[in-house]
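Novice: Protein chains in written order, with our numbering: chain B, 1 to 337; chain W, 1 to 337; chain V, 1 to 337.
Derived from the structure by calculation, the hints contain no laboratory data. Predicted model only: the values in this text are computed from it and were never measured. You can take every hint at face value.
One copy or two, either will do: identical chains are not told apart, so a pair holds if it fits within one copy or between any two.
The list that follows gives simulated cross-link-like pairs (lysine-lysine, DSS-like), each with its CA atoms no further than 30 Å apart: (1) K205 <-> K216; (2) K325 <-> K289; (3) K56 <-> K325; (4) K205 <-> K111; (5) K253 <-> K5; (6) K205 <-> K65; (7) K8 <-> K216; (8) K56 <-> K289; (9) K335 <-> K325; (10) K325 <-> K336; (11) K72 <-> K289; (12) K205 <-> K253; (13) K205 <-> K289; (14) K65 <-> K253; (15) K289 <-> K253; (16) K205 <-> K58; (17) K205 <-> K56; (18) K205 <-> K126; (19) K5 <-> K114; (20) K126 <-> K114; (21) K111 <-> K123; (22) K8 <-> K65.
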Amino acid sequence: MVDQKFFKNSGKLTCEEICNLANADCQSDVCDTVFTDVAPLSKATPSDISFLDNVKYKQDLIDTKAGACFVKEEFIDLVPKTTIALVSQSPYRSYALTARAFYPEPSFDRKVEKTAVVSDTAKIGKGCFIGHYVVIGDDAVIGDNAVIESNTVIGDAVVIGDNCRIQSNVTLSHCEIGENTRIYPGCRIGQDGFGFAMDPTGFVKVPQLGRVIIGKNCEIGANTCIDRGAGPDTVIGSGSWIDNLVQVGHNVKTGSNCVVVSQTGIAGSSELGDFVVLGGQAGIAGHLKIGSGTQVAAKSGVMNDLTGGETYMGSPAMPRRQFLKQTAWLRKMSKKN
Amino acid sequence: MVDQKFFKNSGKLTCEEICNLANADCQSDVCDTVFTDVAPLSKATPSDISFLDNVKYKQDLIDTKAGACFVKEEFIDLVPKTTIALVSQSPYRSYALTARAFYPEPSFDRKVEKTAVVSDTAKIGKGCFIGHYVVIGDDAVIGDNAVIESNTVIGDAVVIGDNCRIQSNVTLSHCEIGENTRIYPGCRIGQDGFGFAMDPTGFVKVPQLGRVIIGKNCEIGANTCIDRGAGPDTVIGSGSWIDNLVQVGHNVKTGSNCVVVSQTGIAGSSELGDFVVLGGQAGIAGHLKIGSGTQVAAKSGVMNDLTGGETYMGSPAMPRRQFLKQTAWLRKMSKKN
Amino acid sequence: MVDQKFFKNSGKLTCEEICNLANADCQSDVCDTVFTDVAPLSKATPSDISFLDNVKYKQDLIDTKAGACFVKEEFIDLVPKTTIALVSQSPYRSYALTARAFYPEPSFDRKVEKTAVVSDTAKIGKGCFIGHYVVIGDDAVIGDNAVIESNTVIGDAVVIGDNCRIQSNVTLSHCEIGENTRIYPGCRIGQDGFGFAMDPTGFVKVPQLGRVIIGKNCEIGANTCIDRGAGPDTVIGSGSWIDNLVQVGHNVKTGSNCVVVSQTGIAGSSELGDFVVLGGQAGIAGHLKIGSGTQVAAKSGVMNDLTGGETYMGSPAMPRRQFLKQTAWLRKMSKKN
Numbered sequence: 001m002v003d004q005k006f007f008k009n010s011g012k013l014t015c016e017e018i019c020n021l022a023n024a025d026c027q028s029d030v031c032d033t034v035f036t037d038v039a040p041l042s043k044a045t046p047s048d049i050s051f052l053d054n055v056k057y058k059q060d061l062i063d064t065k066a067g068a069c070f071v072k073e074e075f076i077d078l079v080p081k082t083t084i085a086l087v088s089q090s091p092y093r094s095y096a097l098t099a100r101a102f103y104p105e106p107s108f109d110r111k112v113e114k115t116a117v118v119s120d121t122a123k124i125g126k127g128c129f130i131g132h133y134v135v136i137g138d139d140a141v142i143g144d145n146a147v148i149e150s151n152t153v154i155g156d157a158v159v160i161g162d163n164c165r166i167q168s169n170v171t172l173s174h175c176e177i178g179e180n181t182r183i184y185p186g187c188r189i190g191q192d193g194f195g196f197a198m199d200p201t202g203f204v205k206v207p208q209l210g211r212v213i214i215g216k217n218c219e220i221g222a223n224t225c226i227d228r229g230a231g232p233d234t235v236i237g238s239g240s241w242i243d244n245l246v247q248v249g250h251n252v253k254t255g256s257n258c259v260v261v262s263q264t265g266i267a268g269s270s271e272l273g274d275f276v277v278l279g280g281q282a283g284i285a286g287h288l289k290i291g292s293g294t295q296v297a298a299k300s301g302v303m304n305d306l307t308g309g310e311t312y313m314g315s316p317a318m319p320r321r322q323f324l325k326q327t328a329w330l331r332k333m334s335k336k337n
Numbered sequence: 001m002v003d004q005k006f007f008k009n010s011g012k013l014t015c016e017e018i019c020n021l022a023n024a025d026c027q028s029d030v031c032d033t034v035f036t037d038v039a040p041l042s043k044a045t046p047s048d049i050s051f052l053d054n055v056k057y058k059q060d061l062i063d064t065k066a067g068a069c070f071v072k073e074e075f076i077d078l079v080p081k082t083t084i085a086l087v088s089q090s091p092y093r094s095y096a097l098t099a100r101a102f103y104p105e106p107s108f109d110r111k112v113e114k115t116a117v118v119s120d121t122a123k124i125g126k127g128c129f130i131g132h133y134v135v136i137g138d139d140a141v142i143g144d145n146a147v148i149e150s151n152t153v154i155g156d157a158v159v160i161g162d163n164c165r166i167q168s169n170v171t172l173s174h175c176e177i178g179e180n181t182r183i184y185p186g187c188r189i190g191q192d193g194f195g196f197a198m199d200p201t202g203f204v205k206v207p208q209l210g211r212v213i214i215g216k217n218c219e220i221g222a223n224t225c226i227d228r229g230a231g232p233d234t235v236i237g238s239g240s241w242i243d244n245l246v247q248v249g250h251n252v253k254t255g256s257n258c259v260v261v262s263q264t265g266i267a268g269s270s271e272l273g274d275f276v277v278l279g280g281q282a283g284i285a286g287h288l289k290i291g292s293g294t295q296v297a298a299k300s301g302v303m304n305d306l307t308g309g310e311t312y313m314g315s316p317a318m319p320r321r322q323f324l325k326q327t328a329w330l331r332k333m334s335k336k337n
Numbered sequence: 001m002v003d004q005k006f007f008k009n010s011g012k013l014t015c016e017e018i019c020n021l022a023n024a025d026c027q028s029d030v031c032d033t034v035f036t037d038v039a040p041l042s043k044a045t046p047s048d049i050s051f052l053d054n055v056k057y058k059q060d061l062i063d064t065k066a067g068a069c070f071v072k073e074e075f076i077d078l079v080p081k082t083t084i085a086l087v088s089q090s091p092y093r094s095y096a097l098t099a100r101a102f103y104p105e106p107s108f109d110r111k112v113e114k115t116a117v118v119s120d121t122a123k124i125g126k127g128c129f130i131g132h133y134v135v136i137g138d139d140a141v142i143g144d145n146a147v148i149e150s151n152t153v154i155g156d157a158v159v160i161g162d163n164c165r166i167q168s169n170v171t172l173s174h175c176e177i178g179e180n181t182r183i184y185p186g187c188r189i190g191q192d193g194f195g196f197a198m199d200p201t202g203f204v205k206v207p208q209l210g211r212v213i214i215g216k217n218c219e220i221g222a223n224t225c226i227d228r229g230a231g232p233d234t235v236i237g238s239g240s241w242i243d244n245l246v247q248v249g250h251n252v253k254t255g256s257n258c259v260v261v262s263q264t265g266i267a268g269s270s271e272l273g274d275f276v277v278l279g280g281q282a283g284i285a286g287h288l289k290i291g292s293g294t295q296v297a298a299k300s301g302v303m304n305d306l307t308g309g310e311t312y313m314g315s316p317a318m319p320r321r322q323f324l325k326q327t328a329w330l331r332k333m334s335k336k337n
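Just chain B, with the same shape it has in the complex:
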C-alpha cells in the first residue's frame, strides 16, 4: 500500500509493543504476534494494523482481513475472529501513534551543505542540517538538531528553537520560533504588516516594529503568511496547527492548541483563546476577541467578539443553530413566494 519509494518502513512491531505505544488493550492471548504495516480496513492484510474511527465504516470492520484493529470497546463484537481487537479510547489517535512508529519522520544528515551561505555571526546548534542554497543572516540563532531545507532564507537575528524543521523555499524574518515547530514550504513569516496612514496624496507607511513569536510544537502550513506586529508582537500559541494559505495579520495573538484551516484570514490585532478552531476560508475581522473553545465553521465571517465554547456559522457569523434555522426558513419562504 504505502509507496516505499517515498516512505521507509522501519520494521516489525509486536502486538504488545504496539499496544504500549498506542495506549490500547490487546484482547488476545497472543501478544507476540508480529505486524509490519498499517492499512485501512478494506485493504488491510493479516500483517497490517487497522482502525475503526467512524461508525460509517462498520461493514468494513466486519469484512476486514486486518491482523489487528484499534476499536472502541463498544465495537469489540464486530471484530472478526481472525482479527485481534485492540481496544482504545481513541482508535484514530492509536492508529496515528502506530503509523508514526512504522514510518518515523525522515531523518536528515547532520551537516551544513557547502552551498549554504551562513553569516559568520549566526549560531548554528549541534546536529543541524542546513540544506542547499539556504541563506542565514547575521546573528541568527538556530537550535540543536534543527533542519533548514533548500532555498530557504532566514533573516538577521531570527531565532529558531531546537528540533524545528523549516522546509524549502521559506522566508523568515523578525521572528522567534519555539522548539519542535515545523514550517511548511513557501511559508512567509515576519514581513511587514499592512499598516499605513491615510493622506490626501496617498498613503504613508507605518513602520512595523513588532515581531512574530511562534510557540513550540506548532505546524505552519505551505504558503501561509504571518505578518509581524506593528509595535506589539504577532503571537502563535504553542501546539497550534495552521494550515496552508492562511493569512495572519499584524498583532494577532492565538492561544495554545488552536486549529486554523486552509485559506482562513485573521485580520490585524484580533486575539484567539486556546483550542479555537477556524474552518477553511473563514474570516475574522480586526480587533476582535474570540474566546477559548470557539469553533467557527468554514467560510464564516466573524464581525464581533465571541465569548467562547460555541460554534458559529455564516457571514456575518451567528450561532450555528440560528444559522441553520435561518437558512432553512429562507429556503422555505422563497420557494413559496
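Model the placement of chains W and V on the given structure of chain B, informed by the hints.
Specialist: The following block gives chains W and V in isolation, referenced to the frame of chain B:
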C-alpha cells in the same frame, strides 16, 4: 501591440496555413495572403488576424481593419470587405491556435546549469533544461525534454513526465507528474496533509503516507498547494486546469479536464468527476462527491454531494435558479419591511 | 519596547525636529527636548513620543507617561502636564513619520553577491544590492539603488525601477515595475493568465501575450499573484497597496492609490478606479468596472459594475445600508417563525 521584448514572433503565416492549423474555412480566393500577427478587432491592422467570440463586440467587427477574422458562420455578413472572413465553429479556439503559431512557448537550452545540485541517483532525461540553484533529490526521475526553472526544489523519488515545465521557486515532494504538465511559480505539491488526532493535551500528528498523482496535460497555478494523501493518494486528473492560490486537501481526487479557479479550496477526501468547474473562491467541504459536469459559481460553499451536470451557487450552495430566486425574494421583502 | 535585535534605532531627535518632519505644532516652549523612541500611550516613558488616534484610548492618554504625544486639537486638554502636546491634523500619520525617522528602512550594502547569477546582457543600476542566489535573466533592467533579496528570480527583459525593493523568494517575469515599489517575499508577478478555449477533447491554451505594469510607490504583499495580460496588459496604478495572498487576474487594471486587503481576488479584465478599497477575502467577478472611491467590505462578492464613492457589502454585493437592513430583517423573521 505585443511587446517583442518579452514575446518573440516566429514569423509569417499564409491565410491557408492559418486555416489549416486553426480548423477554419477561408471565405476568400486569395488564400496566399500573408499575416504577421494577432490582435483584438479594435487594434488590428491589415497584417493581423483577429476574432469575434462575444456578440458584445459586434460593432468592433464592423469597424475592424484586421486583414482576416475568425467568425462563426452567422456573422459572415458583418465582416467588412477589406477583411477576410475565416469561418470557424469556435473562433476563440481558432484564435488560440493561431496565436500559438505566431508565439510558440519559449524554448530552453538543453543543459543542466552548473549551479544545479542534482543527486547522483537522480535520472535526468534527454534534452532537459535544469536551471540555476535547482535542487533535485535522490532517485528522482525527470522525463525527456522537461524544464525545471531556477530555485525549484524536487524531493527524493519524485517522478516528472516528459515535456513537463516546472517553473521557478516551486517545491515538489512525494509526487508523480504526468507528461506535458506545467507547474507555475511558487506551487507546493506533496507536503503533508493537515491530519491530526485530538488529544486532551494537544494534537497527535497522523503520518501522511500517500502521494500526489497529477495526470498529463495539466496546469497547476502559482502558489497553489496540493497536499499529499494520508494513506490513499491525492489525484489530479489529466487535462485539468488549476488556477493560482488554490488549496487541494489530502486524498482529494479530481477527474479529467476539471477547471478550478483561483483561491478555491477543496477539503480533504472530496472527489470531483470529469469536466467539473469550480469558480473562484469556492469551497468544497470534505468527503463529498461532486458529479461530472457540475459547475459551482464563484464564492459558493458546497456542503453536500452534487449529482452532476448542474450549476450551483451560494453558501450553502444550491441550484443556481433557486439561489437567484431566493436572493431576489430576500431583497424585495427586506426593502418592504 | 522595540526589539533592538531586529530594528536599529537611529538616534535622538528634538521635539522641534519631530514637529517639522511630522507636520505638527508643539504646544510647549521647550522645543529642544530630546526624544529617543516611539511607544503606545500605555507603555511610553518620558523619552518616548506617542499618539492618540482613536478616542477609545482616551483614558490611556490621560494616564500616559509619554514625553510628548500627537493629538488632534480637540484633545489638547486631556494631555497630562508632564506630556508635551503635539497638535496634528492626523496624529497617526505624524506617528508614522516619526517612527520612520527613528527606525528608517534597513540599508543594504551596495554590492552584487558572488552567488548571484546575472545575465551578461542585464543592466544593473548604480548602488544596487543583489542578494545570494538571485537569478537575473537576459536584457533585464534593474534601476539605481534597487534591492533584490536572496533566491529571487527575475525573468528576461523585466524592468525594475529605481529604489525598488524586491524581497526574497520572489518570481518576476514579463513585467515592468515603477520606482520605489516594494514586492514582498514569495510574490509571483507576470506568469501566464488563466486563459483557455473550450474544446470537446479538453482545453486549448490561449497564449498570454500581455505584460504586468506596476506603477511607482506600490506595495505588493507576500505570496500575492498577479497574472500578466492575455493581450492587453495587467496594470496596478501608482501608490496602490496590495496585501498578502491576493489574486489579480489577467487584464485587470487598478487606478492609483487602491487598497486591496489580503486574500481578495480580482477576476480577469475588471477595472478599478482610483482610491478603491477592497476588504479582505472580497471577490470581484470578471469584466466589471468599479468606480473611484468605491469601498467593498470584507468577504463581499461583487457581480456588477459599481459607480463609485459608496460602500458595498454581501455576496452578491449591495449597498452597505441595504445589506445591514436585509441581514437584520432576515434574523428577526427567521427567529419569529
